[in-house]
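Based on the hints, put chains B and C in the right spot on chain A.
This is what each chain is made of:
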Amino acid sequence: MTYAADVAALARKDLKVELRARDTLPAMLLFVLSTLVVFRFALPDQTNDDAAYGLLWVAIVFTALLGLARAWVPEQEHGVLDGLVLAPCDRSAIWLGKSIATLAFLLGAQIVALPAFALFFAPLDLAAIAGVLLADVGICAVGSLLAAMAAASRSRELLLPLLVLPLSIPLVVGGVGAAISPHADRFLLFLVLYDAVFAVLSWASFEYVVTE
Amino acid sequence: MIRAREVEKRFGSRRALRGVSFDLERGGRLLVTGPNGSGKTTLLRLVVGLAAPTRGTLDVPVDRSRIGFLSHEPLVYRELTAVENLDLFGRLYRVPERRERIGMLLERFGLWEARNERVAAYSQGMTQRLALCRALLHDPELLVLDEPFSALDEPGADLLQRELTELGDDHTLVVSAHDISRVEALASSRLALA
Amino acid sequence: MGAAIAMAFFVAPEDANQGVSQRIFYIHVPIAVTAYFCFGLGAWKALMLLWRGGERYDLESYVAIHQGVIFGALTLVTGSLWAKASWGVWWTWDSNQLVLFLVLFLFYCAYFMLRFSLEEGPRRARSSAVYALFGVVLIPISFLAIRLAEDFIHPTVFTREGPQMSGSMFATFCVSWGAVTLLAYVLYRVELLGKRLDADLRELREAFS
Numbered sequence: 001m002t003y004a005a006d007v008a009a010l011a012r013k014d015l016k017v018e019l020r021a022r023d024t025l026p027a028m029l030l031f032v033l034s035t036l037v038v039f040r041f042a043l044p045d046q047t048n049d050d051a052a053y054g055l056l057w058v059a060i061v062f063t064a065l066l067g068l069a070r071a072w073v074p075e076q077e078h079g080v081l082d083g084l085v086l087a088p089c090d091r092s093a094i095w096l097g098k099s100i101a102t103l104a105f106l107l108g109a110q111i112v113a114l115p116a117f118a119l120f121f122a123p124l125d126l127a128a129i130a131g132v133l134l135a136d137v138g139i140c141a142v143g144s145l146l147a148a149m150a151a152a153s154r155s156r157e158l159l160l161p162l163l164v165l166p167l168s169i170p171l172v173v174g175g176v177g178a179a180i181s182p183h184a185d186r187f188l189l190f191l192v193l194y195d196a197v198f199a200v201l202s203w204a205s206f207e208y209v210v211t212e
Numbered sequence: 001m002i003r004a005r006e007v008e009k010r011f012g013s014r015r016a017l018r019g020v021s022f023d024l025e026r027g028g029r030l031l032v033t034g035p036n037g038s039g040k041t042t043l044l045r046l047v048v049g050l051a052a053p054t055r056g057t058l059d060v061p062v063d064r065s066r067i068g069f070l071s072h073e074p075l076v077y078r079e080l081t082a083v084e085n086l087d088l089f090g091r092l093y094r095v096p097e098r099r100e101r102i103g104m105l106l107e108r109f110g111l112w113e114a115r116n117e118r119v120a121a122y123s124q125g126m127t128q129r130l131a132l133c134r135a136l137l138h139d140p141e142l143l144v145l146d147e148p149f150s151a152l153d154e155p156g157a158d159l160l161q162r163e164l165t166e167l168g169d170d171h172t173l174v175v176s177a178h179d180i181s182r183v184e185a186l187a188s189s190r191l192a193l194a
Numbered sequence: 001m002g003a004a005i006a007m008a009f010f011v012a013p014e015d016a017n018q019g020v021s022q023r024i025f026y027i028h029v030p031i032a033v034t035a036y037f038c039f040g041l042g043a044w045k046a047l048m049l050l051w052r053g054g055e056r057y058d059l060e061s062y063v064a065i066h067q068g069v070i071f072g073a074l075t076l077v078t079g080s081l082w083a084k085a086s087w088g089v090w091w092t093w094d095s096n097q098l099v100l101f102l103v104l105f106l107f108y109c110a111y112f113m114l115r116f117s118l119e120e121g122p123r124r125a126r127s128s129a130v131y132a133l134f135g136v137v138l139i140p141i142s143f144l145a146i147r148l149a150e151d152f153i154h155p156t157v158f159t160r161e162g163p164q165m166s167g168s169m170f171a172t173f174c175v176s177w178g179a180v181t182l183l184a185y186v187l188y189r190v191e192l193l194g195k196r197l198d199a200d201l202r203e204l205r206e207a208f209s
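Listed in order, the protein sequences are those of chains A, B and C. So in our numbering, spot 152 of the first sequence is number 152, and the numbers just go up one at a time. So in our numbering, spot 16 of the second sequence is number 16, and the numbers just go up one at a time. So in our numbering, spot 184 of the third sequence is number 184, and the numbers just go up one at a time.
Calculated from the structure, these hints are not laboratory results. There could be a bad hint or two in this list.
[Stated by the list, open to error] Partial pick of chain B residues on the chain C-facing surface, computed with a CB cut under 10 Å:
hint, residue
1, R10
2, F11
3, G12
4, S13
5, R14
6, G49
7, A52
8, T54
9, R99
[As the list claims (entries may be wrong)] Which stretches of chain C does chain A cover? Using the computed rule of at least three CB atoms under 8 Å from a CB of chain A, they are:
hint, segment
10, 52-62
11, 95-108
12, 125-135
13, 140-147
[Said to hold, decoys possible] Which chain A residues stay away from chain B? Per the calculated CB distances, all over 12 Å, these:
hint, residue
14, A21
15, P182
16, D185
17, R186
18, L201
Beta carbons are placed, not taken as given, at the ideal position from N, Cα and C, and that holds for glycine.
Just chain A, same shape as in the assembly (with noise of 0.2 Å):
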């Protein structure tokens, strides 16, 4: 299938670009990793475990956030996505290879940043890990989408955050009740609900973003 070998080649160059330029990953992962130990301080002795995970969630978010203002970075250098735009491939598949891409560093620094979380905090049970991967499959299928809208604004640093919090605030619903509920299997499946609807539109609709 032509389309899965242009989300593959596409979804390799963002990796390839990034191992080239070596700096979202780390940032994320640093970023994190200091929004944790802030935390630390910033939670009184007393507070139970629940507040954790709400932590953890905001944690989450604006290190998605971090990798989402660099994802579109390298196509706005030099106009290449004009170039993408123009190839006979479908644009969606443009959308798809960077979310992937988005993806694969948001799980990257996650990878280092649960374990910590269940070090420095509370223990994360399998529910809670799998609300974790499924809002980050949401936050960066939406997340990419606003991110290209964003790229072609002047203020696209400030205008990123403001447009991807409300679309994430269903998302940190569902993943704090899928760590701290006993009813995770609602949650869960209320993110694959939310995974399914979003991810559809944003593919749909990424072709009429990149053109004029």
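Then chains B and C, alone, in the frame of chain A:
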């Protein structure tokens, strides 16, 4: 082949291109001239399909896969090497015998020695030559060049001029230029934008 | 509109338990519904823009969402007044509707930030349209999320009484609803006309320069 009738492009209230009409037959060479801000770049972007006209009709019956575009910007990744860049676009354009074609183009445009260096390390002339390789990679039927000679160094400009002169009759060319000395001999028709 | 307010405060029989809050209800609910409707209309126009093209849809979508945000802000304000009158607090996380509106309000305010930072043109129109569509999808998803969140947000127990509507109260409600809808419609047309004139004027100026 290409038909344009009263093509206009507006960005909000700003009119970038006023009513433009022309015909270009297959195999023709159109030279678009005009001062800065007259809409040359906008027109070329409309022709390749990066933007759609606000008014008028523009008929370009060529598939995206058969169009090659050289823009003001090089459209190549800074962090990747020449080979990696061309390999990516070669895949996206489904270029047959990709590696051989890439090698041939890099050699023709004098980039073979620098093929494994990142584009960030290139000079402006080299980058523009790579951009040209990118545009020609898939042997496009319609070649659209936006002020190609302005960013090229001398050897690059000579190479391009030779390339354009040798272009076959089944290839159509649209070139915009500020300084027309190198292209006017090639042109079969001209379009002057006010 | 003035007639509706007058009716709400002087004609409707006072509910012994609720008093003033009852009257705010007459305005609060229609305003909330109108806000939803405006967002829906904005999304519809946005879909038309993406599907059919045509610049006018961009303006119509923008104005609809603008109205939606205005009415959304009013919903939050009247909702807050209602909370104060009913339960003595200016804000509660218990009211799902209020929380939902807060999230939507943030979302649609960001819509304006998006428009403000993009250059005028098809790119801005399309990005705005896509964002408006996201918004309308966000409404049910957020609602679900907030419902789910009740699980662990541990709301303090407030009884939320929907008023039982007798004949004249129902009449008042309908009049109020009608008045609010009319107000929204009038504001929409006025703003749309104003923006269109603006755009036409700028185009003319451009053409003569």
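**OP:** Confirm or reject the coverage of the segment 140-147 of chain C by chain A under the rule of 3 or more residues with a beta carbon closer than 8 Å to the chain's beta carbons.
**Re:** holds (count 5)
Original post:
Can the segment 125-135 of chain C be counted as covered by chain A under the rule of three residues or more with Cβ-Cβ separation shorter than 8 Å?
Top reply: Since 7 is at least three, the answer is holds.
Subject >> Interface hint status, A52 (chain B) versus chain C (Cβ within 10 Å) >> reply: 7 Å, holds
Original post:
Any Cβ of chain B at or closer than 12 Å to R186 (chain A), or is the non-interface label fine?
Top reply: 42 Å, holds
Original post:
Can the hint on G49 (chain B) be confirmed by a CB-to-CB distance to chain C that is less than 10 Å?
Top reply: 13 Å, violated
Original post:
Would the stated hint for T54 (chain B) survive a check requiring a Cβ distance to chain C of less than 10 Å?
Top reply: 8 Å, holds
**OP:** Hold the hint about S13 (chain B) up to the distance rule: shortest CB distance to chain C must be less than 10 Å.
**Re:** Interface hint status for S13 (chain B): holds (4 Å vs cutoff 10 Å).
**OP:** With 12 Å as the threshold, tell me whether D185 (chain A) passes as away from chain B on beta-carbon distances.
**Re:** With a cut-off of 12 Å, D185 (chain A) remains clear of chain B, as the shortest Cβ separation is near 41 Å.
**OP:** Tell me if R99 (chain B) is really an interface residue toward chain C, meaning its C-beta lies closer than 10 Å to one of theirs.
**Re:** 37 Å, violated
Subject >> Claimed coverage, the segment 95-108 of chain C by chain A - three or more beta carbons nearer than 8 Å >> reply: holds (count 4)
Original post:
Are F11 (chain B) and chain C close enough, Cβ to Cβ, to be under 10 Å, as the hint says?
Top reply: Holds, about 4 Å.
Subject >> chain B versus A21 (chain A) - minimum CB to CB distance exceeding 12 Å, so not interface >> reply: 5 Å, violated
Taken one by one, the earlier hints fail for this structure at numbers 6, 9, 10 and 14, listed in ascending order.
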